[in-house]
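Visitor: Model the full assembly from the supplied sequences, consistent with the hints where possible.
For the protein sequence lines, the chains are V and W, in the order given.
Just so it is clear: in the first sequence, position 143 is 143 by the numbering used here, and no numbers are missing.
Just so it is clear: in the second sequence, position 97 is 97 by the numbering used here, and no numbers are missing.
Treat the hints as calculated values from the structure; they're not laboratory data.
Among the hints, a few may not be true.
Cβ pair distances, simulated, as ranges [claimed, not checked]:
1. W/R211 to V/S28: 35 to 43 Å
2. W/P107 to V/D12: 42 to 50 Å
3. V/Q116 to W/E177: 52 to 60 Å
4. W/D55 to V/R15: 27 to 35 Å
5. V/L115 to W/A192: 14 to 22 Å
6. W/R207 to V/V82: 57 to 65 Å
7. W/E37 to V/T133: 51 to 59 Å
8. W/Q193 to V/D44: 22 to 30 Å
9. V/A18 to W/A96: 26 to 34 Å
Treat the numbers as computed from the prediction; the structure is a model and nothing was measured.
Cβ coordinates follow ideal geometry from the N, Cα and C atoms, glycine included.
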Amino acid sequence: MSTERTPLSDKDLWRSLATDQVAPTAVSEMDFAAWLEGRLSEADAARIDVAVSANPEMRRAALELSDILGKPLPAPPPRLAVRAQALVGFEAEKRAGRGSWLASLLPAFGQGFALQRGALAGMAIVVAAVGFTLGGGLGESYATQKYAMKQPSNGVTLSKPLGRDTTNELNDLFVDAT
Amino acid sequence: MFLCLDCGTTVAGPHFATNPDRLLCGRAQNGNAGVTELNQIDLRALAVGSKRTWDAFVVASTPLINAVVRRALATYRLSEDDVMDAAQDVFVRLCANDFRLLKTYDPARAGLSTWLAVVSRSTAVDYARRRRQAATPIDDVPEAALAVEDRHVEKLKIPEGLLTERQTLILKCLYDEERDVAEVAQLLKIDAQTVRSTHHKALLRLREHFRGEEP
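Guide: Shown next, in the form of structure tokens:
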């Protein structure tokens, strides 16, 4: 029987050693991303190497992210984007677009709410115009009134248009009486 | 001419926009179309809250965030709704407090996709921990997770300076994480041959130092 010891495999040798002597240090997300892309200087990269070596969670993160970033990405569920888009809405856009006080007075074209307001105002103008036209319009009303002043009606001549003030009403009374 | 890291074919063309170290052919780049779009986002408009830019950013970043969150939560065995909620947490984090986190991103230091992947993963892990704390009864936690290491097993300490930081990291990835040489090479942006030789040199040093002390 041989007394010679069987040498440990590389893996067993490594596992027989105490390797977690360094206290994990905090690494910012920006530093970690720069390290993942290999953009750090040697000294900075060594600092992150130590942190990643000491922290199993960081090692797993690094390996996972490196794998994901190197592969084509699967299509996400559509509702994921819909929910995320709803996080930033009209208020944020309005805040971003605010320039001067004059700009704030003007309608913000291209936004849904402004378009709605514009459409309502347009409809109101159309309704008013149609109503006015059906009612005869200002020009026609003025012409009628002028014509009535000049034309003798039942032998009575109106020297002045019918008015609403007291003087005119009295005048109308006398004129009618004659 | 370059060798595509994704499929291994030799292709002529420009480097991958997101990461000059990652050289991908057209086929692989098409798969990462969202990542390429991500680099075209106007970050200044995004940081001031432009709705249109935010919507474009969401469309471009959703594939990456979805992939990272899904992968990070895979070990926690959470539901599809949890994946959705964790991904939403990433977007909430990005736009919270007037886009404070997004404003900390520095394009000179890392690509947006890499930074976003890091942010997404840490947010997903935080989410999973919160969910586990809130919902998992002690009986459901595997015994191994609650086990305490037997401190009586004396382990030899590696003297400071015996291994470089890079050698330690490579040995940990290979043995503690049980990853293969190609994965470690991809992580560290070095050749597989460099990983092998670093590993070999590190073990030579260890064997030489601990000769006769091996348990």
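Visitor: Give a verdict on every hint.
Guide: Against the structure, the hints:
no. : hint                         : in the structure
1   : W/R211 to V/S28: 35 to 43 Å  : holds (41 Å)
2   : W/P107 to V/D12: 42 to 50 Å  : holds (46 Å)
3   : V/Q116 to W/E177: 52 to 60 Å : holds (57 Å)
4   : W/D55 to V/R15: 27 to 35 Å   : violated (51 Å)
5   : V/L115 to W/A192: 14 to 22 Å : violated (59 Å)
6   : W/R207 to V/V82: 57 to 65 Å  : holds (58 Å)
7   : W/E37 to V/T133: 51 to 59 Å  : holds (54 Å)
8   : W/Q193 to V/D44: 22 to 30 Å  : holds (25 Å)
9   : V/A18 to W/A96: 26 to 34 Å   : violated (42 Å)
Checked against the numbered hints above, the structure breaks hints 4, 5 and 9 and satisfies the rest.
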